[in-house]
Amino acid sequence: MEELERQPALREYLDASRLSRLNRVEEVIRFARMMGFQRLGLACCIGLHDETRVLLKIFKHEGFEVASVMCKTGGLSKTFTGVPDKFLMVSRTGYGVGHIACNPVAQALILNRENTQLNLIVGLCVGHDSVFMKHSEAPAVTLIAKDRSAGHNPASILYNFYGDTFFGRRVGPEGASRANLERASKSNLKRFARLRERRNRR
Amino acid sequence: MKTQCGVCARQLCVSGRRMEAGFCPMEIHPDVFETAREIYSRDRETALMHKNAAIIEARGYIAWPRLKDIIEFSHEMGYRKLGLAFCPDLKLEALKTVSILEENGLQSASFACGLCDHPEQAAAMLAGRFQGTFIEALNDFGPDMIVNLGLCLAAEALTHKAGASPRTCFIARDPATFNNPAVSLYTSKAWLDWSNDFYKKKKPLKEKTRAGG
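Protein chains in written order, with my numbering: chain B, 1 to 202; chain C, 1 to 213.
Simulated from the structure, these hints should not be mistaken for laboratory data. Since we're looking at a predicted model, the values are computed, not measured. A portion of the hints provided could be inaccurate.
[What the hints assert, rightly or not] Listed next, the in silico EDC-like pairs over lysine to aspartate or glutamate satisfying Cα-Cα at most 20 Å (straight line):
#1 C:LYS2 - B:GLU65
#2 C:LYS189 - B:GLU26
#3 B:LYS134 - C:ASP193
#4 B:LYS60 - C:GLU34
#5 B:LYS86 - C:GLU72
#6 B:LYS57 - C:ASP193
#7 C:LYS96 - B:ASP164
#8 B:LYS134 - C:ASP197
#9 C:LYS189 - B:ASP50
#10 C:LYS2 - B:GLU137
#11 C:LYS91 - B:GLU26
#12 B:LYS134 - C:ASP43
#13 B:LYS57 - C:ASP197
#14 B:LYS134 - C:GLU38
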């Protein structure tokens, strides 16, 4: 019975989201209103703290109750789940990452305790968002998919030349034009192969 | 709704300390973290995913795009088959993603979500029945991980806990900004107001570089 009552609202929502080109934040607001959700939970990455602040402001203005939890909460050490020492303080690419691990299980448990009705993921990493989705009781959806290299626009890698180069689908800038490729000697081609191998090994 | 990490100004939890304030979850729910530790030591899959995600983060910090993260994470976890759930609007992206995944040694299949054309399926999924929907086909394929490639918010929420496999997200669909939902925040009035205040207090770049050498 409940299904039949909800069907027209769902149809209206699905049409609106596809045809009237809402952005994702508006979509969240409309979806929560349609389902009658009042309490939202934000599971955020510490690197997206500024975005979280703005989201809180927007959702409070729209009249929702919001709880937000950052990923480093709890002070769990990375060695607790057996991360090797060489991945602890400094990343392989030369940036500081620290020794405190993200804690997606605690995030999910806190939001469960706050009785949220819809959990929004704001930029969790690839494995951590699977852990969060596994332990969250309310439906968990992604609001922002984090991509550190492309400014949170993960689809951009599919459209441009550098994306193709990264995955080895085209030759890099040195060998981009056909003329260059024809002129490239065997040792040059070997060098490309060696570079690609080294990059993949990292 | 007391937990509010969004209003925290100092983020001491990065170094393992806590804020002595009414909004900090480490003050309000101190017992939750013991339960979380218990889950990490009891649930082997969770612990493994948590560990490998931390390793992937350290290996490709800022250098790798999200798709590379997904590929490396699957290799670390020993996944062979990936199932992609995509919106028909993002057909070309799905095609290219599948070919990239196949080139990197992951057997992958993509499944189009047709909920816009069949709202009765959406209503059935609300009630917890997945027969005849794309989720059933996905589960029949038996993927090790389900990748969400541009599902809209309703479809993603409805598929919560439908499949037995772990899920992750590659693209968050956003028709207004071409699948880049963060842009709608950066161009909002709230962001501009905040950033005007925030960056006024920062030192100009020149002084900073001189001090740093």
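Hint-by-hint comparison with the structure:
1. C:LYS2 - B:GLU65: Distance of about 10 Å is within 20 Å: holds.
2. C:LYS189 - B:GLU26: This hinted pair holds, its Cα atoms lying about 15 Å apart.
3. B:LYS134 - C:ASP193: violated, 37 Å
4. B:LYS60 - C:GLU34: violated, 31 Å
5. B:LYS86 - C:GLU72: Holds, at roughly 18 Å.
6. B:LYS57 - C:ASP193: holds, 11 Å
7. C:LYS96 - B:ASP164: It holds: about 10 Å lies between the C-alpha atoms, which stays within 20 Å.
8. B:LYS134 - C:ASP197: violated, 39 Å
9. C:LYS189 - B:ASP50: With Cα atoms ~14 Å apart, C:LYS189 and B:ASP50 stay inside 20 Å; holds.
10. C:LYS2 - B:GLU137: Holds. C:LYS2 to B:GLU137 sits at ~19 Å (cutoff 20 Å).
11. C:LYS91 - B:GLU26: violated, 24 Å
12. B:LYS134 - C:ASP43: holds, 11 Å
13. B:LYS57 - C:ASP197: Measuring from Cα to Cα gives roughly 15 Å; hence the hint holds.
14. B:LYS134 - C:GLU38: Satisfied, since the Cα-Cα distance of roughly 16 Å is no more than 20 Å.
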